[in-house]
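Q: As given, the protein sequences belong to chains A and B, one line each in that order.
1 is the number of the first residue of the first sequence in the working numbering; add one for each residue after it.
399 is the number of the first residue of the second sequence in the working numbering; add one for each residue after it.
I should point out that these hints are in silico values taken from the structure, not numbers from a laboratory.
All C-beta atoms, glycine included, are put in the ideal place defined by N, C-alpha and C.
Hints may contain errors.
[As the list claims (entries may be wrong)] The following label-pair restraints were derived from C-beta to C-beta distances: (1) A:D228 - B:S645: 33 to 43 Å; (2) A:R110 - B:D740: 55 to 65 Å; (3) A:T108 - B:E638: 48 to 58 Å.
[Said to hold, decoys possible] Within a straight-line C-alpha distance of at most 30 Å, the following computed BS3-like cross-link-like pairs (lysine-lysine) qualify: (4) A:K245 - A:K265; (5) A:K265 - B:K608; (6) B:K643 - A:K210; (7) A:K210 - B:K663; (8) B:K631 - A:K327; (9) A:K367 - A:K327; (10) A:K210 - B:K631; (11) B:K643 - B:K663.
[Said to hold, decoys possible] Counterexamples of contact, computed for chain A against chain B with all Cβ distances above 10 Å: (12) A182; (13) F183; (14) H221; (15) E340; (16) R356.
Number of protein chains: 2
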Amino acid sequence: MIVTPQFMDFSEPLALQSGASIRGYTLAYETYGQLNADKSNAVLVCHALNASHHVAGTYAGQDRSEGWWDNMIGPGKPVDTDRFFVIGINNLGSCFGSTGPMHDNPDTGRAYGADFPVVTVEDWVNAQARLLDRLGIRTLAAVMGGSLGGMQALGWALQHPQRVRHAVVIASAPNLNAENIAFNEVARRAIVTDPDFHGGNFYAHGVVPKRGLRIARMIGHITYLSDDVMNEKFGRQLREGIDLKYSTQDVEFQIESYLRYQGDKFSDYFDANTYLLITRALDYFDPARAFGGNLTQALARATARFLLVSFSTDWRFSPRRSREIVKALLDNRRDVAYAEIDAPHGHDAFLLEDPRYLNVVRSYFEKVLSDAGPPQGAKTPSGGSAAHEVASVGVASS
Amino acid sequence: MIVTPQFMDFSEPLALQSGASIRGYTLAYETYGQLNADKSNAVLVCHALNASHHVAGTYAGQDRSEGWWDNMIGPGKPVDTDRFFVIGINNLGSCFGSTGPMHDNPDTGRAYGADFPVVTVEDWVNAQARLLDRLGIRTLAAVMGGSLGGMQALGWALQHPQRVRHAVVIASAPNLNAENIAFNEVARRAIVTDPDFHGGNFYAHGVVPKRGLRIARMIGHITYLSDDVMNEKFGRQLREGIDLKYSTQDVEFQIESYLRYQGDKFSDYFDANTYLLITRALDYFDPARAFGGNLTQALARATARFLLVSFSTDWRFSPRRSREIVKALLDNRRDVAYAEIDAPHGHDAFLLEDPRYLNVVRSYFEKVLSDAGPPQGAKTPSGGSAAHEVASVGVASS
Numbered sequence: 001m002i003v004t005p006q007f008m009d010f011s012e013p014l015a016l017q018s019g020a021s022i023r024g025y026t027l028a029y030e031t032y033g034q035l036n037a038d039k040s041n042a043v044l045v046c047h048a049l050n051a052s053h054h055v056a057g058t059y060a061g062q063d064r065s066e067g068w069w070d071n072m073i074g075p076g077k078p079v080d081t082d083r084f085f086v087i088g089i090n091n092l093g094s095c096f097g098s099t100g101p102m103h104d105n106p107d108t109g110r111a112y113g114a115d116f117p118v119v120t121v122e123d124w125v126n127a128q129a130r131l132l133d134r135l136g137i138r139t140l141a142a143v144m145g146g147s148l149g150g151m152q153a154l155g156w157a158l159q160h161p162q163r164v165r166h167a168v169v170i171a172s173a174p175n176l177n178a179e180n181i182a183f184n185e186v187a188r189r190a191i192v193t194d195p196d197f198h199g200g201n202f203y204a205h206g207v208v209p210k211r212g213l214r215i216a217r218m219i220g221h222i223t224y225l226s227d228d229v230m231n232e233k234f235g236r237q238l239r240e241g242i243d244l245k246y247s248t249q250d251v252e253f254q255i256e257s258y259l260r261y262q263g264d265k266f267s268d269y270f271d272a273n274t275y276l277l278i279t280r281a282l283d284y285f286d287p288a289r290a291f292g293g294n295l296t297q298a299l300a301r302a303t304a305r306f307l308l309v310s311f312s313t314d315w316r317f318s319p320r321r322s323r324e325i326v327k328a329l330l331d332n333r334r335d336v337a338y339a340e341i342d343a344p345h346g347h348d349a350f351l352l353e354d355p356r357y358l359n360v361v362r363s364y365f366e367k368v369l370s371d372a373g374p375p376q377g378a379k380t381p382s383g384g385s386a387a388h389e390v391a392s393v394g395v396a397s398s
Numbered sequence: 399m400i401v402t403p404q405f406m407d408f409s410e411p412l413a414l415q416s417g418a419s420i421r422g423y424t425l426a427y428e429t430y431g432q433l434n435a436d437k438s439n440a441v442l443v444c445h446a447l448n449a450s451h452h453v454a455g456t457y458a459g460q461d462r463s464e465g466w467w468d469n470m471i472g473p474g475k476p477v478d479t480d481r482f483f484v485i486g487i488n489n490l491g492s493c494f495g496s497t498g499p500m501h502d503n504p505d506t507g508r509a510y511g512a513d514f515p516v517v518t519v520e521d522w523v524n525a526q527a528r529l530l531d532r533l534g535i536r537t538l539a540a541v542m543g544g545s546l547g548g549m550q551a552l553g554w555a556l557q558h559p560q561r562v563r564h565a566v567v568i569a570s571a572p573n574l575n576a577e578n579i580a581f582n583e584v585a586r587r588a589i590v591t592d593p594d595f596h597g598g599n600f601y602a603h604g605v606v607p608k609r610g611l612r613i614a615r616m617i618g619h620i621t622y623l624s625d626d627v628m629n630e631k632f633g634r635q636l637r638e639g640i641d642l643k644y645s646t647q648d649v650e651f652q653i654e655s656y657l658r659y660q661g662d663k664f665s666d667y668f669d670a671n672t673y674l675l676i677t678r679a680l681d682y683f684d685p686a687r688a689f690g691g692n693l694t695q696a697l698a699r700a701t702a703r704f705l706l707v708s709f710s711t712d713w714r715f716s717p718r719r720s721r722e723i724v725k726a727l728l729d730n731r732r733d734v735a736y737a738e739i740d741a742p743h744g745h746d747a748f749l750l751e752d753p754r755y756l757n758v759v760r761s762y763f764e765k766v767l768s769d770a771g772p773p774q775g776a777k778t779p780s781g782g783s784a785a786h787e788v789a790s791v792g793v794a795s796s
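Here chain A stands alone, though its shape is the one from the complex (with noise of 0.2 Å):
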């Protein structure tokens, strides 16, 4: 399947969550199916940390050049791009085409910076949404996302519910957790006591806060993988050989290779700005904040049915925290199906391919062509036909 970016201009403010506004910009997207006569069969896929627009198929002439949910959405695959219009949408602030920190700020003339505003995962459904009414598509066959792409997907669920027939959140939280936010911080603090970071005007002094980067990249790969998974690809391994070095600063461990590795090619195409940003929209993201903390008063807006799915090793967002989620939709006898995928690979198997984690998509999307009516009021709490390959978790309705 042979892809092609597309950008959207937008010269009408977006006014964002922080009080602040953003004046004029673009959205970069992609589109995978046809848009069909009623506009029903649309399917939006929201990205998480470290990705793009760019969710599946190839660039003309660029090998290698895959989506990041190649495996996921394409033709005869469990998103079917036969049968379903996918849409692939690049957020406000990040570094890969939408309008972000690198790009001029129009006040000033200058690159943003430091001073691109805050935006959090509210605003993004918005400028999302924003998108969808030009494509003239009023409601979504399906919203979906992974990690943070996840939470989009839940955010459109609870801001739009007339316009969300299905939300599928994967290896995702209904916030972060205390220790979520620690590694952020870390991650940020490396960033920004770089020297070259300059407060964030870096792009003016023609460098690139690059250890800070690399630091943050390290930190965030050790908690995408699980321990298990770590211990079985690298464990000790030493990189050369059975000789030790006796080295402080030298690479001993095939694990240090692998992060330092990891850490370089993030730093040479990421940019610090939106890092900083992404992982504050991801602190940021707390629907039940406004009521007490308590969720499932937060989800009572939503009326989508939905696909909750997580796994087994992900310790960055554990099987409790969909758990959650799903108890707080039940609670409010929405219709739910949840999938605890037992898999070795931690956070990072959203991405990857497992039959299990795939044939339950797979399955969950001939719900959603079969299921052409309007969101659904108050159902029954049901356990969802897509479970039934994988470990069913119980889950009471309170």
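Based on the hints, put chain B in the right spot on chain A.
A: Below, chain B alone, put in the same frame as chain A:
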């Protein structure tokens, strides 16, 4: 209990595991209680990453100068200094008194800096053994430590089996796993890539790589605490009232404030080269390595009786890792007591006041006192009396 640090100089070079050697050196230590006539009541306490020879008591005229294990060691305490002669010792390479990277290299007349030789747990044990020789102590009633200190206690039982009657190994592991090494490596990269590190010779530049030390300490703190205790202590509490500031660089959540404070404090007193050395000593410790990874074979040399203690929420050195040691000892028909304490505090629990934990150690040291005989030979496995107040965990002997 008022205590005084002591210093002992060694002019004989110490051959190190790396093949290097260290010419002359000084070890800082403290002692508590009285050595008995037959010198059979000595207990050596080994320290972990961020600690020293100042294990118990306070310094004259210095309020709040309690040693790091003052709740464990002292008159009438679990390790009772009215009955035992307890020795706290500071390791080579430290920044708290023993010879380390901040001291002058006699070969050059300048601070060692990054040229301080890499030291291992085994080297530390050998240096400690020399100090005991000079104190005229042939056999230890017990050697004990938590975390990296527990690795030294295990090292003693392996390197000097005839000199150890009991080894008390708390919140420790038979080696670091890939994730442990990964966190150490991120911390080291943060330090080494700080422009103020100057290849380890920052003393000559009159600077300290504080940015790197802060990041290292923040990462450390996250891994010392359990998810649960972090959520209980900090959760998603905002630092200032209830209004969000919407900023990527200001402190917004309490957990951020706590981590920044811990990082700042640490960077004021800890030496960057010492941090590199000590994390590397952790990485390298792996007694099974010379036995193709077979821990049972590796521990066959140990003849001491053992107490192992782990904490349920410790994800840095989880109970599973302690059980590996217990199993390998039982495979060798050694006498092992094991207690797994159901404590919420994560790895930090080994330093905290938990009555069940302290009682386990107290009753074990009553056994140590009553057992004044020479080190055992092979013995029938026994559950040990020490585990009576906690949920004991069955470990099958193969």
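Q: Now, for every hint given, state plainly whether the structure supports it.
A: For each hint, the structure was consulted:
no. : hint                        : verdict
1   : A:D228 - B:S645: 33 to 43 Å : holds (37 Å)
2   : A:R110 - B:D740: 55 to 65 Å : holds (57 Å)
3   : A:T108 - B:E638: 48 to 58 Å : violated (29 Å)
4   : A:K245 - A:K265             : holds (25 Å)
5   : A:K265 - B:K608             : holds (26 Å)
6   : B:K643 - A:K210             : holds (27 Å)
7   : A:K210 - B:K663             : holds (26 Å)
8   : B:K631 - A:K327             : holds (25 Å)
9   : A:K367 - A:K327             : holds (22 Å)
10  : A:K210 - B:K631             : violated (33 Å)
11  : B:K643 - B:K663             : holds (25 Å)
12  : A182                        : violated (5 Å)
13  : F183                        : violated (6 Å)
14  : H221                        : violated (8 Å)
15  : E340                        : holds (18 Å)
16  : R356                        : holds (25 Å)
Comparing the model with each numbered hint stated earlier shows that hints 3, 10, 12, 13 and 14 do not hold.
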